[in-house]
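*Asks:* So the sequences go chain by chain: A and B.
For the first sequence, the tail end lands on 375 under the working numbering, and the numbers increase by one without skipping.
For the second sequence, the tail end lands on 408 under the working numbering, and the numbers increase by one without skipping.
Worth double-checking, as some hints may not be accurate.
As the list claims (entries may be wrong) - Heads up, simulated DSS-like pairs for lysine-lysine below, C-alpha to C-alpha not over 25 Å straight-line:
#1 A:Lys258 to B:Lys217
#2 B:Lys407 to B:Lys294
#3 A:Lys352 to A:Lys290
#4 B:Lys59 to B:Lys217
#5 A:Lys214 to A:Lys290
#6 B:Lys294 to A:Lys111
What the hints assert, rightly or not - For the chain A half of the interface with chain B, some residues (derived, Cβ under 8 Å), not all of them:
#7 Ala125
#8 Gly157
#9 Leu164
#10 Asn175
#11 Gly244
#12 Ala248
These are computed hints drawn from the structure, not numbers from a lab.
Beta carbons: idealized from backbone N, C-alpha and C, even for Gly.
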Amino acid sequence: MSLAIAGMGWITPLGSGVDSVWEQLLHGDEAFATTITEEFGDRSYSVFRVPESALKSAAHPRLRRASVISRFAAAAGLDALNAAGLKIDSHNAQRTALIFATSNGGVIYTKRFYRDVVSAGAQSASPLLFPETVFNAPASHLAAILGISGATYTLVGDGAVGLLAIKMAEDLMANEAIDYCLVVGAEEIDWLLCDAYRRWRLLRAAPPIEPFSKQNRGMILSEGAGAILVAREGPFIVECAHPGGYFARRAEAEETLKRILRDLSQGEIDLVVAGANGTFVDEAEYRALKAVVPNAFVYTAKPALGESVGAAGLWQVILAVQALRFAELPPVLHADPACSLRLPRSRMPVAKARRAMVLSCGLNQQAAGLCLAIR
Amino acid sequence: MAQAGNTNESNISARVAVVAAGVVSPLGVGLTETLQSLRNARDCVSPVTRFSVAQCRCKTAGQVPDNRLLAGQDEGRRSRRLHRSSHMMIHALKEVLTQEPHFKPELTIIGTTSGGMSYGERYYRSLRQSEDLRHAPTWIANYPAQKPVIDAQEIFGISAPCQVIANACASGTNAIGHAFECVRSGRYQRVLAGGYDALSEMVFVGFDSLQASTPDKCRPFDRHRTGMVLGEGAAILALENFAAAQERGAPVLAEIIGYGISTDNFHITQPNPSGIGPQQAMEGALQSAQVSAKEVDYINAHGTATVFNDAAEGKAISKLFNGVPVSSTKSMMGHSLGAAGAVEAVFCLLALQHQFLPSNINFTASDDDFDLNIVANEARPAVLHAVLSNSFGFGGTNASILMRSFKE
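Put together the whole structure using the sequences plus the hints.
*Replies:* Here it is, written out as structure tokens:
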């Protein structure tokens, strides 16, 4: 069963709007890094944040007390529905499913809630904050805003979770009682996350992210959301969403990725939107891509947009659709000149591209992939 | 309402067998202990020992003792670093594979609400109080929600991809329901499904701050109910295409025949008082199974013992079912959140296999707002063919699954 992409929404550190962000990437723009600090922390971290102007469409009474991750998810989800011209009403409220993908969820409110517990005791815990700490709070808000009353799922995982959510959409839509599935991935940044990734030796002190570099200098975290409305008809086909896999150790990531690539590359693959982010992921992807699809063009937007973890897979799918739609790839920024993959070093036409692969290797043992085609 | 398993004529509609199950909960480690506790209507709620509850209204929870959890497990350094959730998942999967050593799942779908939250708490506390952070990388590495699933699979050489569903307290039932749908549609032959959650301070304090948890006993559906107590646990079911299971001679413990899911969009922590969300989930499960309400012999209710949940669920059950026996087994072990739906699915499986009704303990008086046939305080024998299990969660997410005893 193949499904189509009917609409997309994109909230990024380069702003919102699929075509607007795409145009900036084509021009080689990269997000502006800001610094975040914490009162009890002895370090500051560079991050790519979403500008407030990108959240104009996320003003809704339901979001009054919601964490920013819910606002990202709502803005992207609404944009995807608008792009598809779909309005949720009493006829399709139960026939539209929602899958929300995230890795860290509402970390800002979670930290704030627990901070009060640690600093002043359980009696200071806020009943207003607690519900927003639950992983499915953004999905709940989005379902309420849109009026979706049928299947709503929140899927949690690492950077591969966005593609796993699309796989889940494919499985859900095997049931013909569902006409659409809105898949939204979102993440918000907090100092605590940066500190955790730094202790894990995955974070870089300051930009740039240097993809496919031998040094693995690390990534910069970013935030935002991506949304895709999956339908039965549309110009861009999800030919195959791979169920993914996991690797017990980082050294095994390459083999997991190869398996996914082999399963997906039954036909010719013109381009791959990879997840390379300056960490161990890059070498695993490099080796797998060289082994299985050596002739495909390879693009990663992470040097420009940062590593948005739970949102990243959705962003990659949006990038692949845009590349097929406009037959063009943006430049891969800060790439190692010695890298022998076919990376676009400047804005590059890919006129004959018909099929694209998206590959996600997460930082916490999960990997996934999917194959897109233009009709 | 989505009738999740309601495949139309153009789709394959396979029967879905449960061929193995594993469970860890305050009621016991493994099916045998669990069955005994259910039959004896054991109250397994006890004073919280894992963290201070001095400032909380509620002081009790259903807890899996550490000595039971770690018994028989690898004592190596790596094992010691694993989160309690991983140990619970390892126990549950081990029990599944003891029954069905050749079960090779194509997909694993597991529900949880809080992953390795207690490790996140230790990390934050240590940072905040400038304590020793030598173990921080271990805490961080074992915090993600998928980690216990991967840990368990890795130990037993299972390479299936994992989907981790976090639909609050409905997660476990959603995981089983979605797995049922995956097998029923013919897209998968074998899927592992279940849920896990370990007690954590943050979540405990959170429910306490909402005044959802009680300083009293947990009394689901009782007129004098004052709230929930938390619990913990893990459970896994091995689901398989019925024909494939029969072909390879696997024992069919029961069938899953229906799944319903709804989202009521009323409030982030409270159900619609009308009970419309639970009602739609239960109707969806019945329609998907193509059975009538009259054919249901027992309902394992969500029954948290909060005023609002039980009122909404009680009204919905009263409206759809006429006198069917109902119990909330949370009365015996507390609410294990993301694990609850999976643990309670195992209870339903045991009830079907051994033909008895698990009890709703601490029950003193009926609530006039709904008319339920509560299985009060004692388990009792019964003839059971079909049983329904409900789970509802924050965010207005509602899920019901329908199970049937095996028949040719």
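*Asks:* Indicate, hint by hint, whether the structure satisfies it.
*Replies:* Here is how each hint holds up against the structure:
no. : hint                 : in the structure
1   : A:Lys258 to B:Lys217 : violated, 54 Å
2   : B:Lys407 to B:Lys294 : holds, 19 Å
3   : A:Lys352 to A:Lys290 : holds, 21 Å
4   : B:Lys59 to B:Lys217  : holds, 10 Å
5   : A:Lys214 to A:Lys290 : holds, 15 Å
6   : B:Lys294 to A:Lys111 : violated, 48 Å
7   : Ala125               : holds, 4 Å
8   : Gly157               : holds, 5 Å
9   : Leu164               : holds, 6 Å
10  : Asn175               : holds, 6 Å
11  : Gly244               : holds, 4 Å
12  : Ala248               : holds, 5 Å
When each numbered hint is compared with the structure, violations occur for hints 1, 6.
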